[in-house]
Structures are given as structure tokens and as C-alpha cells.
Amino acid sequence: MSERRPLGVHAVLIISSLLMVAPFAWQIITSLKTLSSATAVPPTFLPEGRWDNYAKVFDLLPFGEQFLNTVVMAAGRVAGQVLFCSMAAYAFARLRFPGRNLLFGLFLSVLMVPPQLFVIPQYQIMSALGWLNSLQAIIVPGLFSAFGVFLLRQFFLGLPREIEEAARLDGAGPWRIYWSIMLPLARPGLVALAVLTLLWAWNDLFWPLVVNTDPEKMTLSAGLASLQGQYQTDYPVLMAGSLIASLPVIAVFVFLQRQFIQGIAHTGTKG
Amino acid sequence: MTGRKHAASRRPWTEALWGYAFIAPTGLGLAIFYLWPVLQTAYFSFTEWGAFGGHTWTGLENYTRLIADPEVGRAVLNTLTYTVLGLLGIPLAIVFAALLNRPKLGGVTLYRTAFFLPVVTMPVAVAMLWRWLYNGDYGLINQVLALAGIDGPNWIADPATALYALIVVGVWSSVGYNLIIFLAGMQAIPKELYEAASMDGAGRVRQFFRITLPMLSPTAFFISIVSVIGSLQLFDLVFVMTGSGQAARANPAYSRLQTVVQLFYERAFVTNDRGYAAAIVMALLVLIAVLTVLQFRLQRRWVHYV
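Protein sequence lines correspond, in order, to chains G and S. Position 45 of the first sequence, counted from 1, bears residue number 45 in UniProt numbering, the numbering being contiguous throughout. Position 303 of the second sequence, counted from 1, bears residue number 303 in UniProt numbering, the numbering being contiguous throughout.
Hints were generated in silico from the structure; no laboratory data involved.
Derived SDA-like pairs (lysine to any residue); straight-line CA-CA distance at most 25 Å:
no., chain 1, residue 1, chain 2, residue 2
1, S, Lys104, G, Ala265
2, G, Lys56, S, Leu140
3, S, Lys104, G, Val21
4, S, Lys104, G, Gln262
5, S, Lys104, G, Leu7
6, S, Lys104, G, Arg258
7, S, Lys104, G, Pro6
8, S, Lys191, G, Gln262
Simulated restraints on C-beta separations:
no., chain 1, residue 1, chain 2, residue 2, range
9, S, Thr109, G, Pro160, 26 to 36 Å
10, S, Ala31, G, Trp175, 19 to 29 Å
11, S, Gly230, G, Ala172, 35 to 45 Å
12, G, Gly158, S, Thr56, 50 to 60 Å
13, G, Gly158, S, Pro190, 12 to 22 Å
14, G, Ser36, S, Thr56, 51 to 61 Å
For glycine and all other residues, C-beta sits at the position ideal for the given N, C-alpha and C.
Here chain G stands alone, though its shape is the one from the complex (with noise of 0.2 Å):
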């Protein structure tokens, strides 16, 4: 009897996995059709090799500088957490220090509170620094979050102290601890961090629409959704610039799935 279910199972499977897929199906499809045969009723199911929708996006938006603008603050940030959260971490979870539990818990509320209550203040730090429509405004407040801070936080705990007093004994201080003893240690986590915040980061929409009005200056999230209400019509074009929006993050998943699943599974049941 066990032995017969498993087909059942598959079946829900795949038919659930066909229903998630099928929309990026259709969206590739459509990606390369002309806007005469992506709106023929009855719809034609056959891509027809329309590559030149792909090059119309860049006529559409300064498509190069946004994708360039996303790597560049994605990196960024990737960059600032992974060192800055790790630094604080490391030293919520093995220093020891007066008021330290007072402080990790203002880390936590920020946490807790909805980012858009940020918003406003950070807008005007920004423009008072004239920092509107630049690389820093959309790089900057990414730098530090709370979250990474706690998620690594909960790695630094789980390592062996063993290795780290054995280096003290050396006499090794904490900076040699930290930089060539732990981050090695940590590096699943980091990788977890890194992973989860390329993908917050290439993905965020409301900052850099809020900060970044220019188009030359805007990340690629920000630049599809300019050209709502302006460009509706041309659906090929929309579906072939929304793919290559989204396929850096597609790739790096299929490339380093085992650390997204991780990363989140981390958010969870850790948390």
C-alpha cells in the first residue's frame, strides 16, 4: 500500500509545481512575441524568437546604469553587512562588556519596528547630505541591519570556545580572533547573510523609488515600476526586461541553493 501512494504524492507535485512555474513560462513566451501576437485571441502557445524585445528595453529605460546601479548596491551592502554585522555579533555573542545586553536589545527593537517608520527621516538625512539620486543613498542605510546582526549571532554562539581560548592563550586579541580564528568558522552563516541580503537588496523597491527620482540613477526595481502607466501596452517588452531583472537572483539561487534554504530556514526556526 505505501508503495502505491508515492504516486499520488508525485502527481499532487507536480501538478502544484506546474502551477508555479507555468506564469514564467508564459512570461518567456510572451517575452518573445511581437505585441500583435502576444495579444491574438485565441492566444498562440509557440515562442516566435522575437530576441529584438530584448533590446528594446534598453531603449525603454537606461536599462545598462540601472543593472549596473543594482550590482553596485547590492554589493554594497552584501559587503557592509557581511563585515559590520559580523563584527557586532561576534562580539554580542563572546565579548564581554557593561551594558551589552541593554544595547543588543536596542538592536532587536529595530527589529520590530516597520521599516516605513524609517522612511521620512532617512529621506531627508539624505537630502540634507545631498545625497539624492546617488550610488550612497541607495547603498548607505543598507549597510548596517539588526537582522544580520542576530542572525549571526545566533552562528558565533553555536562554534566551539574551546579553539577561541586556545588562541587567546597564544595570545592572539580579539581583532586576530575574530578576523582569523571565527569568520572562517562563520562561514556558513556569512554565506547565509550574504545570500539573503543580495536578495532583499536586488529586490527592494520602496527606498530606491523613494530616494532615486532620476532614471540614470535608479536600481532596475525601481525602473520597471516607473513604466507602469507609461508603457502598459508593449507587453513583450515589459516581460523581457522584468526577466532579466529577476535572473541574477534566479541564477545565484540555482548556483547556491543550499545556502538560501539555510539562510531561511535560519529565519525560522532559529529565530
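Following the hints, complete the assembly by docking chain S onto the known chain G.
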């Protein structure tokens, strides 16, 4: 004796300095960009902003205006509907996680990838894609319905269907994320429980209801907290589906799609009514706090801790 005391008092002192140095970058960053802004937003919610950025103290005026504003009422109602119905995604994720958790089931990576694809895809792109699928004239959904002789509505431009169409996209794009967390939770359940249960003659279904579900309830609680907080902040989907300003108002279903955060965006950055916008997000903070406390209260009835 004195030497030991000396060493013991000296090390914590330098250690403390290192501690502060290590937390300094993130600490300062969070203070400047996150903690101080919260206080400022709270202050702004009691002010009115002039055209050139100056602001004057107006006391509770924004809040009395907020309570009387039908647009805010609608946005709150839409957001709450989206939030509550969005919770239906949780049982769905549990079922799929249970199916994927069978030992020796082939193709798990492939299925997991399929469910996870919407999670990693840019939300703006997801919204564009569904806008196209939902298109009343050429959308795939209505074209497929037409094959069955059904005349589908103009999903996101029809007040009767717009919000539900949005909820479908929300569930579709988050089910994979929840599934992963449930799968991790299921794999942490001790195998002995199942072995003991099957020796007692309990079948798979019974095991699922008697062991898996109760053991998973803390995970489900965590996910319901996170989903509620996330749903209350819905913005990306609505923004892309409706746009903002004049263009958005042209959508007949606009009043059914407006959410609290979208209203906040419009007031803060389109009409530059920042004091009022600050009051709107303060109301959002209260809404999140109330619903979170409510969930913590209700958890005693359904969450089982081992």
C-alpha cells in the same frame, strides 16, 4: 594574589573596549538611520508640513483627520482583508511541506526549486507578470477560461475581484518561503515519535494530525506572526498593479487595492503631506502591535510547546 587580581581586572577592561569598537559601526548606523528616525517620525506625526519643507506643531490634528478619513478606513480594511485571507497560505505550505518530507521521495530538489522560484523573483517582476496574466482582454487566465466558455472579469480592474486577485499572487509568491521553514521544522521532529506511533498502528494521516501538526505549531505560530507583519506592509504588488497618482485613480478598482503603506507613500512622497504620512505609519505601527499581541494571546489555544 595581587598579580591574579591585576590580570583579572585588566582583561575585561580591554575586552570591553574591543566590544564597543566591534559594535560601533552597526551601532552608529542603526542609531542614525533607524532608531533616531523612529522618534522623528513620531514627532512629525504631530506636525503639518509647508510646501518648502518647514513644519509646524499641530497637536493631534493629523490623528483626528486620520480617523475621519474614508480613504484611510478603506486602506485599513483592504490591508486587513489581505492579511487575514493571506493566512490561508499557511495550511497550504504545511501540506506541501508534508508531501515533500516523505523519506526517499524522488525529485525533491526539483519540486523545491519550483516552489521557491516565485520567492526569489523580483516582486516588481512578479507583479508585472501577474498583471499580464490577469489582463481582461488578452490575459492567459481569461483566455483559458474562455476555452471553457467562461467570460472572465478584468481581474485587477474590477472592484469585485481586485483584492482577491492580489491575495492569490501574495499566496503564490510566499508559499515556497513558508514551505522551507516548515520543512526545516518537520525535519527537527524526532523520528522516534513516528516509530512509536506506527508501532501503535497509527497510519500516515493520523501521524500527521497527532504528531506533525502539534510539533509544528510553534513554527506555524512564528510564520503567522511574520506573515501578518509582512502583509500589513503590502506595497510592491499594489504599486506595480495600480501605479500611483492620476494613473492609479483611473483604475475602477483603485479603492479596493489601496493599502496603508501605499497611502503612506502617496502622502509622503507624491503629495508631500509628510506630517499626515507620519501619522499614517504611526497608525500602522499600532495596528502591527495590536495584531501581534493578539496573536500571542491566542497562541495558548493552539500552539503546543514540548
